[in-house]
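For chain A, the structure is supplied; the task is to place chain B on it using the hints.
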Amino acid sequence: MKKILLLAMMLLLAFFVTTACGSNGEEDTPVAEATPTPAPVETAEPSDDPAPEVPDDFDGLFYLAPLANPITLRLGASVGEAGPTVRAGITTDQGAHNQFIYDRIGVDLYYMWALPSAQAGERFNLALATGDIPDIMTLSHVSFFEMAEHGQLRCLRAAFDRYARPEIKEMFESLDNTPLDIATINGELLAIPHVLDPAQGLGQIWYRGDWADALDFTTPTTMDELEAMMQAFVDNEMGGPGTRGLGIYSNPVSWAPDVRAIMHGYGAYVGGSAGNWLLRDGELVNALIQPETQNALNRLRSWYASGIIHPEFVTMNIDQLQAELSAGRVGVISGEWWLGHWGGVVASMEYNPDVEWRVTNVVPAEGQLGYTIRGRANINNFRALSANAPEGAEEALIKMLNWFWEIFFVAEPFAYIEDDFVQTGEPGAFVWHWWPMLIWNAFEQQTNFDMVNAAIAAGNPDSLTSILQVDLFNSYQMLFNDAEFDDWWSHERAWGEWFTRVAPDGGWGTNVDIVRRGAFVESQFTGPPTETHLSRGSILHDMWLEFYAGYIIGNLPESEWDAFVAMWLATGGADWTVEINEQFARMQ
Amino acid sequence: MSKPKSRKKKSGQFKREIPFYLMLLPALVILIIYSYLPMAGIIMAFQNFRPVLSFANSPFVGLDNFRFVISLPTFQRAFRNTAIIAFWRIVTGLSVPLLLAILLNEVRKKWFARMVQTTIFLPFFLSWAVLGGVVREVFSLGGPVNQVIGIFGGDPIMFMGSNTWFRTILVGTHTWQSMGINLIIFLAAITNIDTGQYEAADIDGCNKLKQVWHITLPGMLPIIILLSTLAIGQLLNAGFEQVLMLYSPIVYETGDILDTLIYRMGLGQQLFSPAAAIGLFRGLLSLVLVGIAYWCAYRFSDYRIF
Numbered sequence: 003m004k005k006i007l008l009l010a011m012m013l014l015l016a017f018f019v020t021t022a023c024g025s026n027g028e029e030d031t032p033v034a035e036a037t038p039t040p041a042p043v044e045t046a047e048p049s050d051d052p053a054p055e056v057p058d059d060f061d062g063l064f065y066l067a068p069l070a071n072p073i074t075l076r077l078g079a080s081v082g083e084a085g086p087t088v089r090a091g092i093t094t095d096q097g098a099h100n101q102f103i104y105d106r107i108g109v110d111l112y113y114m115w116a117l118p119s120a121q122a123g124e125r126f127n128l129a130l131a132t133g134d135i136p137d138i139m140t141l142s143h144v145s146f147f148e149m150a151e152h153g154q155l156r157c158l159r160a161a162f163d164r165y166a167r168p169e170i171k172e173m174f175e176s177l178d179n180t181p182l183d184i185a186t187i188n189g190e191l192l193a194i195p196h197v198l199d200p201a202q203g204l205g206q207i208w209y210r211g212d213w214a215d216a217l218d219f220t221t222p223t224t225m226d227e228l229e230a231m232m233q234a235f236v237d238n239e240m241g242g243p244g245t246r247g248l249g250i251y252s253n254p255v256s257w258a259p260d261v262r263a264i265m266h267g268y269g270a271y272v273g274g275s276a277g278n279w280l281l282r283d284g285e286l287v288n289a290l291i292q293p294e295t296q297n298a299l300n301r302l303r304s305w306y307a308s309g310i311i312h313p314e315f316v317t318m319n320i321d322q323l324q325a326e327l328s329a330g331r332v333g334v335i336s337g338e339w340w341l342g343h344w345g346g347v348v349a350s351m352e353y354n355p356d357v358e359w360r361v362t363n364v365v366p367a368e369g370q371l372g373y374t375i376r377g378r379a380n381i382n383n384f385r386a387l388s389a390n391a392p393e394g395a396e397e398a399l400i401k402m403l404n405w406f407w408e409i410f411f412v413a414e415p416f417a418y419i420e421d422d423f424v425q426t427g428e429p430g431a432f433v434w435h436w437w438p439m440l441i442w443n444a445f446e447q448q449t450n451f452d453m454v455n456a457a458i459a460a461g462n463p464d465s466l467t468s469i470l471q472v473d474l475f476n477s478y479q480m481l482f483n484d485a486e487f488d489d490w491w492s493h494e495r496a497w498g499e500w501f502t503r504v505a506p507d508g509g510w511g512t513n514v515d516i517v518r519r520g521a522f523v524e525s526q527f528t529g530p531p532t533e534t535h536l537s538r539g540s541i542l543h544d545m546w547l548e549f550y551a552g553y554i555i556g557n558l559p560e561s562e563w564d565a566f567v568a569m570w571l572a573t574g575g576a577d578w579t580v581e582i583n584e585q586f587a588r589m590q
Numbered sequence: 036m037s038k039p040k041s042r043k044k045k046s047g048q049f050k051r052e053i054p055f056y057l058m059l060l061p062a063l064v065i066l067i068i069y070s071y072l073p074m075a076g077i078i079m080a081f082q083n084f085r086p087v088l089s090f091a092n093s094p095f096v097g098l099d100n101f102r103f104v105i106s107l108p109t110f111q112r113a114f115r116n117t118a119i120i121a122f123w124r125i126v127t128g129l130s131v132p133l134l135l136a137i138l139l140n141e142v143r144k145k146w147f148a149r150m151v152q153t154t155i156f157l158p159f160f161l162s163w164a165v166l167g168g169v170v171r172e173v174f175s176l177g178g179p180v181n182q183v184i185g186i187f188g189g190d191p192i193m194f195m196g197s198n199t200w201f202r203t204i205l206v207g208t209h210t211w212q213s214m215g216i217n218l219i220i221f222l223a224a225i226t227n228i229d230t231g232q233y234e235a236a237d238i239d240g241c242n243k244l245k246q247v248w249h250i251t252l253p254g255m256l257p258i259i260i261l262l263s264t265l266a267i268g269q270l271l272n273a274g275f276e277q278v279l280m281l282y283s284p285i286v287y288e289t290g291d292i293l294d295t296l297i298y299r300m301g302l303g304q305q306l307f308s309p310a311a312a313i314g315l316f317r318g319l320l321s322l323v324l325v326g327i328a329y330w331c332a333y334r335f336s337d338y339r340i341f
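Going line by line, the protein sequences match chains A and B.
Going letter by letter, the first sequence gives residues 3 to 590 in my numbering.
Going letter by letter, the second sequence gives residues 36 to 341 in my numbering.
No lab work stands behind these hints: they were computed from the structure.
Take these hints with a grain of salt, some might be off.
Said to hold, decoys possible - The following residues of chain A were derived to be distant from chain B, with all beta-carbon distances above 10 Å:
hint : residue
1    : PHE162
2    : GLY211
3    : ALA216
4    : GLU229
5    : ALA234
6    : GLY242
7    : GLU285
8    : ALA565
9    : MET589
Claimed, not checked - Label-pair ranges, simulated between beta-carbon atoms:
hint : chain 1 : residue 1 : chain 2 : residue 2 : range
10   : A       : GLY309    : B       : ARG115    : 32 to 38 Å
11   : B       : GLU276    : A       : GLY520    : 47 to 53 Å
12   : A       : ARG519    : B       : ILE119    : 50 to 56 Å
13   : B       : ILE192    : A       : PRO118    : 33 to 39 Å
14   : B       : PHE122    : A       : ASP215    : 55 to 61 Å
15   : A       : GLU285    : B       : PHE95     : 21 to 27 Å
What the hints assert, rightly or not - A short list of chain B residues far from chain A (calculated; beta carbon distances all over 10 Å):
hint : residue
16   : LEU157
17   : PHE160
18   : VAL169
19   : ALA236
20   : GLN305
21   : PRO309
22   : TYR333
For each residue, glycine too, the CB sits at the ideal point set by N, CA and C.
Bound-form chain A, shown alone (with noise of 0.2 Å):
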């Protein structure tokens, strides 16, 4: 008897061990099972028009009637931090705009992951390499083209013409179409293309005024003066002992605080791990290697050597240059025009509300344009859809880029939502950050600008459009007009807020005049990545990432500098150029 006892007790065991291994409660359970979803309302018939003319009484809500079949897609999800209407541990995954999207559309999303972005990035790897594929996925750049070449993506083309609303092809079109050419392979639309401004990435210098103006400086003009500017910041420790020039840290052309547009008052239009691709003398060479760049770098070098750049910049990580930015001891930092309300440069103007900041653009080295660089299509990701998945998600994944396009760029059905969907679901509970469907209005910022500052002028808010344009007005009134600031809306933010996005001499004015006066060359590659970028990229990111930090702190003299291009050639460079402009040719 104790035997038997003993045997089912041990077979229970087993049981649960083996069980409890192979569940995953939050994986194996659909979004749909976790909180039960009524069926949809109403129901469209879909056409066999492929371009049904738009009703008389177009509300914008057409775009969002529901599938005649409701369906189930599978997603993976990105999460982090969301607004402050977000409640507290809410994340995209559980939003209630899930459960609207299957009241509305009739598509229940079940996310297969919902992870911080970089592990979210391995899990979708995983994803890809067991085969377990979600059927709506964002992909970068590598990946769309990989999927793309392996027919692992549905054509979107139909569904797009007939379903998406007429913003969003309006959008495209005000871009030539470029992004959904690139996006079209054998003519078939294979992705819907998350696109920004072009003029998102050009390149600024953001300096300390507050110090300058102690100090008597006037906005740098030339490499001299802005030398001339950091080294009086560092000698008079403005920010007490260990004030610094310049901030970066060891990654020194990234997304955020770094050189490029330092290197760009050169002529050297360094950016991204693959760097950009120059027109010269109807070639295209890869401008990380170009005599220009050596030549800023030997600028960055002699600023190191003078203190300008934090010694041990090559060992910090970006969350050891936002403390030194935090704690007022950096006085420049280059960058994008968003840099205003980074948080870093929040944190210093909270920690002492005397921190100034202010915007400037590339300034030239001596002999040079003082140009930037910019993209010839900005394309953020692109949301596809893979080929197995059900029945009508093209038509889904393209009405729930049309939800996200209504509540963020329209403002009737933004209130609609707000009552509908607000009340159904649950307070704070509305999170549309990280959604994988997201989708942005390209010259959402262009306008915005545009129509805020015309709303300031005229003193009234009334002819603004969006949740987003309101929030700037707010933010004006706020800083310059004693209106009330809320938890939210501290004074920094509401400064950041307004000078990156609407002050015509803050981050994106600065863009504007830069735009205006043509103050940039283009970068001229959008192809797809070649054999040898997939196969050696990682190993020639490394190796200039390496040189790059052992150059400027001085561990390699500047001999070195040829023997890095003729390693960097040798190691693939040459076979990618030489890929790269067979692939321009062909798209000439």
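Frame of chain A, contents of chain B only:
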């Protein structure tokens, strides 16, 4: 007549042992699921693996990935760094706790010995995610180490960005973090030594140093040989977490190891096949080293697992 009896005996024994086999079953299932089934992924090393094509459809390329990675200067450098760092981790990871154990054994105030032992053991419980920040701060230009150097008139050293110092930092901090466990093993070995030998040595006029040399060390020799030989299997383990937390591009020259290279190539840059080739190469070499280690452990210390 005797043979059937023997079979019956064995059969009876097996029946009696069934509950134990069943107890083993869950562990076996887990081992198969998590340790053996993933080995199928080794196939990636022989394919031009593209996630979008899955294992089934990615083209087979034979040993091309191995040829490719071996031709890479970054691989050669990472292999060299791995061997050097792992070797010194083993040397210091055994010698320092050995020395400490001998010294602690001579401490007469037991409360003091226990306090020291506990203090030394504490860092063992902290992960490198935490210790990485501590080490970076301690060895930064404004950190305590450079402050001490400054007191003696020396110039500050950028330890974490110096190819001269980086390996030393890695080995030194690893030893500091992990020596507690070996210290306990060595102390346990010392307590097994017959105290009568020390009393006899005292009577014969043997001083402490000679007692250590002629009694303590020979008494600990089997465990020293055992730990040393088992450590051979760790010759390609240079401490992934620790290096990942402490290194930066400027010290790739001396600090980039096979594991970090695999991490960057595989998960960072999606070069799955070359990364798998490096991983398989490392795994096979480790298997050989573990085999040698066990043979040595059996040969010199009569220690057997199988």
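Structure-based check of each hint:
1. In this structure PHE162(A) is separated from chain B by more than 10 Å, as the shortest Cβ-Cβ distance comes to about 22 Å.
2. Annotated as non-interface, GLY211(A) keeps its C-beta farther than 10 Å from every C-beta of chain B; the closest such distance is 28 Å.
3. With a least beta-carbon separation of about 25 Å from chain B, ALA216(A) lies farther than 10 Å from that chain, consistent with its non-interface assignment.
4. With a cut of 10 Å on Cβ distances, GLU229(A) stays outside the contact zone with chain B, its closest approach being about 23 Å.
5. Residue placement check: ALA234(A) keeps its beta carbon more than 10 Å from all beta carbons of chain B (closest about 22 Å).
6. Against the 10 Å criterion, GLY242(A) stays outside the reach of chain B, whose nearest CB is about 13 Å from its own CB.
7. Listed as a non-interface residue, GLU285(A) keeps its Cβ farther than 10 Å from every Cβ of chain B; the least gap is roughly 27 Å.
8. Non-interface status of ALA565(A) relative to chain B is upheld: no Cβ of that chain comes within 10 Å, the nearest being about 13 Å off.
9. No beta-carbon of chain B comes within 10 Å of the beta-carbon of MET589(A); the shortest separation is about 23 Å.
10. Taking 32 to 38 Å as the suggested C-beta distance range, the pair GLY309(A) and ARG115(B) conforms, at roughly 35 Å.
11. Range check, GLU276(B) to GLY520(A): about 50 Å between beta-carbon atoms, so the 47 to 53 Å window is met.
12. A C-beta distance of roughly 55 Å is found between ARG519(A) and ILE119(B), which places it inside the suggested range of 50 to 56 Å.
13. In this structure the hint that ILE192(B) and PRO118(A) lie 33 to 39 Å apart at CB holds, the actual value being about 35 Å.
14. Distance hint check for PHE122(B) and ASP215(A): the Cβ-Cβ separation is about 58 Å, which falls inside the suggested range of 55 to 61 Å.
15. Taking 21 to 27 Å as the suggested C-beta distance range, the pair GLU285(A) and PHE95(B) does not conform, at roughly 36 Å.
16. At roughly 26 Å from the closest C-beta of chain A, the C-beta of LEU157(B) stays outside 10 Å, upholding its exclusion from the interface.
17. For PHE160(B), the shortest C-beta to C-beta distance to chain A comes to about 24 Å, beyond the 10 Å cut-off, and the non-interface label holds.
18. Residue-level check passed: VAL169(B) sits 14 Å from the nearest beta carbon of chain A, beyond 10 Å.
19. Once the 10 Å rule is applied to beta carbons, ALA236(B) is consistent with being away from chain A; the minimum gap is 52 Å.
20. The beta carbon of GLN305(B) is not kept farther than 10 Å from every beta carbon of chain A, the shortest such distance being approximately 6 Å.
21. Its beta-carbon lying about 8 Å from the closest one in chain A, PRO309(B) breaks the requirement of being farther than 10 Å from that chain.
22. Distance to chain A confirms TYR333(B) as a non-interface residue, since its nearest Cβ pair spans about 34 Å, more than 10 Å.
Taken one by one, the earlier hints fail for this structure at numbers 15, 20, 21, listed in ascending order.
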